[in-house]
Amino acid sequence: MRDLIIIGGGPGGVSAGIYAARKKIKTLLITDGFGGQSMISAEIGNWIGDQSISGYDLAKKMEEHLRAQEEIEIVDDDGVCVVQKIDGGFSVVTKNGKIFETKYLLITSGSHRRKLDIPGEHEFDGKGVVYCSTCDAPIFKNKTVAVIGGGNSALESVIDLLPYASKIYLLVRSEIIRGDSVTQDKVRQHPNVEVVLNATPQEVIGDKFVTGLRYKDMKGGEIKDLALEGVFVEIGLIPNSDFIKDIVARDDYGAIVVDSKTQETSCAGIWAAGDVTDVLYKQNNISAGDAIKAVLNISDCLKKQ
Amino acid sequence: MAKITIYSTPSCMYCKMAKEFFTKNNIAYSEHDIAVDDAARDEMLAKSGQMGVPVIDIDGKIVVGFDRGAIEAALGMK
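Residue numbers (this note's numbering), protein chains in the order written: chain A, 1 to 305; chain B, 1001 to 1078.
If we strip away everything but chain A, and leave its shape as in the complex, we get (with noise of 0.2 Å):
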């Protein structure tokens, strides 16, 4: 039996590998891909010692820092479906159908896009319904769009739009933009960009591709529609924690709780650190240093025995 799996090669589980493997403890890591979230990101500015990084170029860095230890057996194709409790540890089943024993389990999984969970939000995804702006703003070039959303990445979806598209609304839910007011203000003084607040959408209209959007003003009450044919959705995360629900405690957005000392989980033996858990901030920063955190509590946990 291995001392300890880690599941997901964000910068938490890389991060999480490399102390794991210096330790010599028996690890294996299991992710279907490298670099996390950021992965798509253009660029990262605030990853500590590079001062402008593309997400692709980091997880380029973290997958060779992680494969340069020879202390680590990594599945690179793999996600986890199924945890459950054995006699002495865990044992974990993969999509792919493989199944491993360990004594302790570290849970860096991440999180994965919110979606509006409206009508033709599924039917138009691809055909104008966006959740990769950075990757798909150019393909809007002179096109009227909506951002939904009203913290930091839909700012930064207006911004990625702002070379492109003729006209941006910006659709917020509340009566408030929760977004960094520097980015705020940028995005409000531009005269392509529309705000419309305590705005909740309702349908994606189209026919072969998105061409408008219904929505409800919540303070008049009354249905509006937007003619447009892009839809970008930045609406918040959703913890990748279900395949582990049965087991440990969650909270009600459904991220891991864990103890902000050690990353423990409510079940003896469980770890869990970055955007799964309950942590207040996302971000890679802080991810690597809680999953580094859980590894040396792990660590100490396999010296006690």
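To be clear, the hints were calculated from the coordinates, so they are not data collected in a lab.
Owing to the predicted nature of the structure, the values given are computational and were not obtained by experimental measurement.
Each hint should be verified, as a subset may be incorrect.
Unchecked claim - Listed below are the simulated DMTMM-like cross-link pairs for lysine to aspartate or glutamate, each with C-alpha atoms no more than 20 Å apart in a straight line:
hint : chain 1 : residue 1 : chain 2 : residue 2
1    : A       : Lys85     : A       : Glu264
2    : A       : Lys60     : B       : Glu1020
3    : B       : Lys1019   : A       : Glu63
4    : B       : Lys1024   : A       : Glu63
5    : A       : Lys61     : B       : Glu1020
6    : A       : Lys24     : A       : Glu63
7    : B       : Lys1047   : B       : Asp1037
8    : A       : Lys143    : B       : Glu1043
9    : A       : Lys208    : B       : Asp1042
10   : B       : Lys1024   : A       : Asp57
11   : A       : Lys167    : B       : Asp1038
12   : A       : Lys60     : B       : Asp1067
13   : A       : Lys143    : B       : Glu1020
14   : B       : Lys1024   : A       : Glu64
15   : B       : Lys1024   : A       : Asp76
16   : B       : Lys1047   : A       : Glu123
17   : A       : Lys208    : B       : Glu1043
Position chain B relative to chain A; hints supplied.
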């Protein structure tokens, strides 16, 4: 040899991954940057019915996104 055309944008990391996959496997491809080439953008929309990159045309078989399994299948690699 299959004729491969990839429709991409410069900021799309999945496009980079797809191109890297072809390079690694010594497979030649041509590329259209649809951020600057409007005609290629329209061609991509018509071929795929999709507004997302990358779109990869492998001898007329259309693969949307960097779907390694689908690309390998279209190339008869598996």
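Hints, verified against the model:
1. A:Lys85 x A:Glu264: 16 Å, holds
2. A:Lys60 x B:Glu1020: Holds - the C-alpha atoms of Glu1020 of chain B and Lys60 of chain A are around 12 Å apart, at most 20 Å.
3. B:Lys1019 x A:Glu63: Holds, at roughly 18 Å.
4. B:Lys1024 x A:Glu63: Roughly 17 Å between the alpha carbons, so the hint for Lys1024 of chain B and Glu63 of chain A holds.
5. A:Lys61 x B:Glu1020: 15 Å, holds
6. A:Lys24 x A:Glu63: 19 Å, holds
7. B:Lys1047 x B:Asp1037: 15 Å, holds
8. A:Lys143 x B:Glu1043: 17 Å, holds
9. A:Lys208 x B:Asp1042: Between Lys208 of chain A and Asp1042 of chain B the Cα gap is close to 14 Å, so the pair holds against 20 Å.
10. B:Lys1024 x A:Asp57: It holds: about 17 Å lies between the C-alpha atoms, which stays within 20 Å.
11. A:Lys167 x B:Asp1038: 18 Å, holds
12. A:Lys60 x B:Asp1067: Answer holds: Lys60 of chain A to Asp1067 of chain B is near 19 Å, not above 20 Å.
13. A:Lys143 x B:Glu1020: 31 Å, violated
14. B:Lys1024 x A:Glu64: 16 Å, holds
15. B:Lys1024 x A:Asp76: With Cα atoms ~17 Å apart, Lys1024 of chain B and Asp76 of chain A stay inside 20 Å; holds.
16. B:Lys1047 x A:Glu123: 18 Å, holds
17. A:Lys208 x B:Glu1043: Holds, at about 15 Å.
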